[in-house]
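From just these sequences and the hints, can you work out the full model?
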Amino acid sequence: MPKRILLIDDESDIREVASASLEIVGDFEVLTADSASAGLVVASREQPDLILLDLMMPEIDGCEALEDLKRNAATRHIPVIFLTAKALKMDEASVRRAGAVGALLKPFDPMLLPGQIRALMGWPMESHDEASA
Amino acid sequence: MDEIRSRIAALQKKEQNLLLEREHESRESARRALWSVLVASVFGVIILTGSTTVIWRTIRQRETAEAALRRAEAMQRAILDGTNHAIISTDAEGRLRTINATGLALLGYSADDLAGQSLCVLHDDQELRARAEELNRSMSIPVNAGFEALSAKPSRGIAEERNWTYVRRDGSRLPVRVAMTALRDAVGAVSGYVVIVSDMSERRAVERMKDEFISVVSHELRTPLTSIKGALGLLAAGALHKAPERAGRMLRIASENTNRLMRLVNDILDFERLQSGQLSFDKTVVGAAELMHQAADSVRALAETSGVDLEVRPVRECVHADEGRMVQSFTNLLANAIKFSPAGGVVEFAAEVTGSSIVFRVSDRGRGIPAEKLDAIFERFQQVDASDSRDKGGTGLGLAITRSIVQQHGGEVWANSEVERGSSFFIRLPVAAAVVGAVEG
Numbered sequence: 000m001p002k003r004i005l006l007i008d009d010e011s012d013i014r015e016v017a018s019a020s021l022e023i024v025g026d027f028e029v030l031t032a033d034s035a036s037a038g039l040v041v042a043s044r045e046q047p048d049l050i051l052l053d054l055m056m057p058e059i060d061g062c063e064a065l066e067d068l069k070r071n072a073a074t075r076h077i078p079v080i081f082l083t084a085k086a087l088k089m090d091e092a093s094v095r096r097a098g099a100v101g102a103l104l105k106p107f108d109p110m111l112l113p114g115q116i117r118a119l120m121g122w123p124m125e126s127h128d129e130a131s132a
Numbered sequence: 000m001d002e003i004r005s006r007i008a009a010l011q012k013k014e015q016n017l018l019l020e021r022e023h024e025s026r027e028s029a030r031r032a033l034w035s036v037l038v039a040s041v042f043g044v045i046i047l048t049g050s051t052t053v054i055w056r057t058i059r060q061r062e063t064a065e066a067a068l069r070r071a072e073a074m075q076r077a078i079l080d081g082t083n084h085a086i087i088s089t090d091a092e093g094r095l096r097t098i099n100a101t102g103l104a105l106l107g108y109s110a111d112d113l114a115g116q117s118l119c120v121l122h123d124d125q126e127l128r129a130r131a132e133e134l135n136r137s138m139s140i141p142v143n144a145g146f147e148a149l150s151a152k153p154s155r156g157i158a159e160e161r162n163w164t165y166v167r168r169d170g171s172r173l174p175v176r177v178a179m180t181a182l183r184d185a186v187g188a189v190s191g192y193v194v195i196v197s198d199m200s201e202r203r204a205v206e207r208m209k210d211e212f213i214s215v216v217s218h219e220l221r222t223p224l225t226s227i228k229g230a231l232g233l234l235a236a237g238a239l240h241k242a243p244e245r246a247g248r249m250l251r252i253a254s255e256n257t258n259r260l261m262r263l264v265n266d267i268l269d270f271e272r273l274q275s276g277q278l279s280f281d282k283t284v285v286g287a288a289e290l291m292h293q294a295a296d297s298v299r300a301l302a303e304t305s306g307v308d309l310e311v312r313p314v315r316e317c318v319h320a321d322e323g324r325m326v327q328s329f330t331n332l333l334a335n336a337i338k339f340s341p342a343g344g345v346v347e348f349a350a351e352v353t354g355s356s357i358v359f360r361v362s363d364r365g366r367g368i369p370a371e372k373l374d375a376i377f378e379r380f381q382q383v384d385a386s387d388s389r390d391k392g393g394t395g396l397g398l399a400i401t402r403s404i405v406q407q408h409g410g411e412v413w414a415n416s417e418v419e420r421g422s423s424f425f426i427r428l429p430v431a432a433a434v435v436g437a438v439e440g
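Those protein sequences? They're chains A and B, same order as listed.
Residue numbering for the first sequence follows numbering that gives the first Met the number 0, starting at 0 and increasing by one per position.
Residue numbering for the second sequence follows numbering that gives the first Met the number 0, starting at 0 and increasing by one per position.
Worth flagging that the hints you see were computed from the coordinates, not collected in a lab.
Keep in mind that the hints are not guaranteed to be accurate.
As the list claims (entries may be wrong) - SDA-like cross-link-like pairs, simulated, lysine to any residue; straight-line CA separation at most 20 Å:
(1) Lys-372/B with Val-311/B
(2) Lys-241/B with Arg-251/B
(3) Lys-338/B with Val-311/B
(4) Lys-152/B with Ala-91/B
(5) Lys-228/B with Glu-211/B
(6) Lys-372/B with Ile-59/A
(7) Lys-85/A with Leu-220/B
(8) Lys-69/A with Leu-111/A
(9) Lys-228/B with His-240/B
(10) Lys-85/A with Lys-209/B
(11) Lys-85/A with Ser-214/B
(12) Lys-209/B with Leu-273/B
(13) Lys-85/A with Met-199/B
(14) Lys-228/B with Met-120/A
(15) Lys-209/B with Ile-195/B
(16) Lys-85/A with Ala-73/B
(17) Lys-85/A with Thr-101/B
(18) Lys-228/B with Ser-18/A
(19) Lys-85/A with Phe-212/B
(20) Lys-2/A with Met-120/A
(21) Lys-85/A with Glu-211/B
Stated by the list, open to error - Derived contacts from chain A toward chain B, CB cut-off under 7 Å, selection only:
(22) Asp-12
(23) Leu-119
(24) Pro-123
The structure presented is a predicted model; accordingly, all values stated were derived computationally and were not measured.
Glycine included, C-beta positions come from ideal geometry on N, C-alpha and C.
Here it is in structure tokens:
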């Protein structure tokens, strides 16, 4: 069973590019949401293995969305990785304090993104051949 | 008898002479006494006058010296109070002696509040402790977390200027830069300190704004770059060779985001040049109608694609303007109005002469702008909705650029709006002396 990743990002082009990377290169199953509030609903209903969460979004930003996820009993166990275009790379301590597993910086390399996620999550690496098989 | 008479006469004469002599002596004596008194009096007056003059002169000199001292003190006080810096003096143990008016205003204290208090009352305790520990390590001498943490270096003749946090009387914090110098007496012993304090809150606020701007610009640049890099990265690696439809979408994403990035870079450069005054304006007397038609022509294709009608109602008067930059300003307003108009909607571009000004108006019947966001929309990266840069192709800098251009033409720009009813944007420019002959249709 491929791992299921929920990608929450308000930029439709980034959702499309990241989805292609995760599905084709990483052999993940990808769910998407265009806002934090929509993402909270999908996360609760679909119970993904991981949430990739954009930090700078209108209305509810990534940090607030993470707090909401951790407050909700149905979603608090789901690990979260920030996907951020913020100028300064978040240091590990502040990411952990926020309750996330890690943070990945935009722009990302679509061929490396799946491997970076597996490394942060401690998931076994899969070769592309295995994934395609 | 005669002899007796003669003797009596001689005696009488002698007596008379004697009397005359005595009277003369008495007169002489009286005259001398009078002279003595007169001389003494004159001398007395002279001495008295002299003494009085000396005393008066001494008093005058003292008064002059005191007045000079008062003037010098007043001047010194005026200089101290007139500076933007807080200036504090303390004794050798750090007890406050004086603080200027700027210092009192900055810290919210009265002079009585601080009289005799330690300079440490103005400092953050934690910072003093941290500084004491730092000095203990670096100077290898015991430094307590009180006044020694402040005076350790100046008291040893080492000039010190560093950032501290002062605590105002109401408990609020004030970032400051403090320069402290030791005063020494005739034998070189420390007799006190002079502390010059600069308020850093404004500079910190500017630094924060700069950091925020860099953060926002970085985010705005990275966002299209992420799409471009992701799309091209997948295509270049051949990851999409079995998904031609997806590959086609990736090419479109790369192309559109390249355009978005280009617009953003151009707008950032324009905005920064405007802000720093590096953008020169080639101003000529130009007809308002000509500017309006040029701007309308540049957005006509967008209006047609969006199914929006564009109505232009110019005036004959002229303005003194940089043609290209003013057309750019009108185009920004028109493009926004078209993008936020529903298909089948109308955008009006009208001008009206009001006194010595022309007021240009661009009105749409789009979604409108909430009242709380109306003032902020002319600030950089202050879109009504953060998704506007993506969905409407804006950079978040168009209105900020427009405002800057209009201001540099001696004009002003403002907006009225009603949610779900539409918005009107106005530009007011001074009328130039010349009037064009005709209004082109």
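Quick rundown of the hints versus the structure:
A C-alpha spacing of about 28 Å is found between Lys-372/B and Val-311/B, which places the hinted pair above 20 Å, so the restraint is violated. For a cut-off of 20 Å, the pair hint linking Lys-241/B to Arg-251/B stands: about 18 Å separates their Cα positions. Simply put, Lys-338/B and Val-311/B have alpha-carbon atoms about 17 Å apart, close enough for the 20 Å limit, and the pair holds. Proximity of Lys-152/B to Ala-91/B is assessed by CA-CA distance (about 13 Å); at most 20 Å being required, the pair is judged to hold.
Distance hint between Lys-228/B and Glu-211/B is unfulfilled; the C-alpha atoms sit about 25 Å from each other, more than 20 Å. Taking the CA atoms of Lys-372/B and Ile-59/A, the gap is near 17 Å; set against the 20 Å cutoff, the hint holds. For the proposed pair Lys-85/A and Leu-220/B, the alpha carbon gap of about 10 Å is at most 20 Å, so the pair holds. With a C-alpha separation of about 28 Å, the suggested pairing of Lys-69/A with Leu-111/A is violated against the 20 Å cut-off.
For the proposed pair Lys-228/B and His-240/B, the alpha carbon gap of about 17 Å is at most 20 Å, so the pair holds. With a C-alpha separation of about 14 Å, the suggested pairing of Lys-85/A with Lys-209/B holds against the 20 Å cut-off. Taking the CA atoms of Lys-85/A and Ser-214/B, the gap is about 6 Å. The hint holds against a cut of 20 Å. Proposed proximity of Lys-209/B and Leu-273/B is supported: the alpha carbons are some 16 Å apart, at most 20 Å.
As the CA atoms of Lys-85/A and Met-199/B are separated by approximately 27 Å, the hinted pair breaks the 20 Å bound. This hinted pair does not check out: Lys-228/B and Met-120/A have alpha carbons roughly 24 Å apart, beyond 20 Å. Annotation: proposed proximity of Lys-209/B to Ile-195/B is violated, straight-line Cα distance about 27 Å (limit 20 Å). Between Lys-85/A and Ala-73/B the CA atoms are separated by roughly 54 Å; this puts the pair beyond 20 Å, and the hint is violated.
Proposed proximity of Lys-85/A and Thr-101/B is contradicted: the alpha carbons are some 40 Å apart, above 20 Å. Between Lys-228/B and Ser-18/A the alpha-carbon distance is near 14 Å, which keeps this suggested pair within the 20 Å criterion. Distance restraint check for Lys-85/A and Phe-212/B: the Cα-Cα separation of roughly 11 Å lies within the 20 Å cut-off, and the hinted pair is therefore satisfied. With a C-alpha separation of about 11 Å, the suggested pairing of Lys-2/A with Met-120/A holds against the 20 Å cut-off.
Between Lys-85/A and Glu-211/B the alpha-carbon distance is near 10 Å, which keeps this suggested pair within the 20 Å criterion. For Asp-12/A, the interface hint holds, the least distance from its beta-carbon to any beta-carbon of chain B being 4 Å, beneath 7 Å. Among the interface hints, the one on Leu-119/A is violated; its C-beta lies about 18 Å from the nearest C-beta in chain B, farther than the 7 Å criterion. Because the smallest distance between the Cβ of Pro-123/A and any Cβ of chain B comes to about 21 Å, over 7 Å, the interface hint for this residue is violated.
Going through the hint list in order, the structure does not satisfy hints 1, 5, 8, 13, 14, 15, 16, 17, 23, 24.
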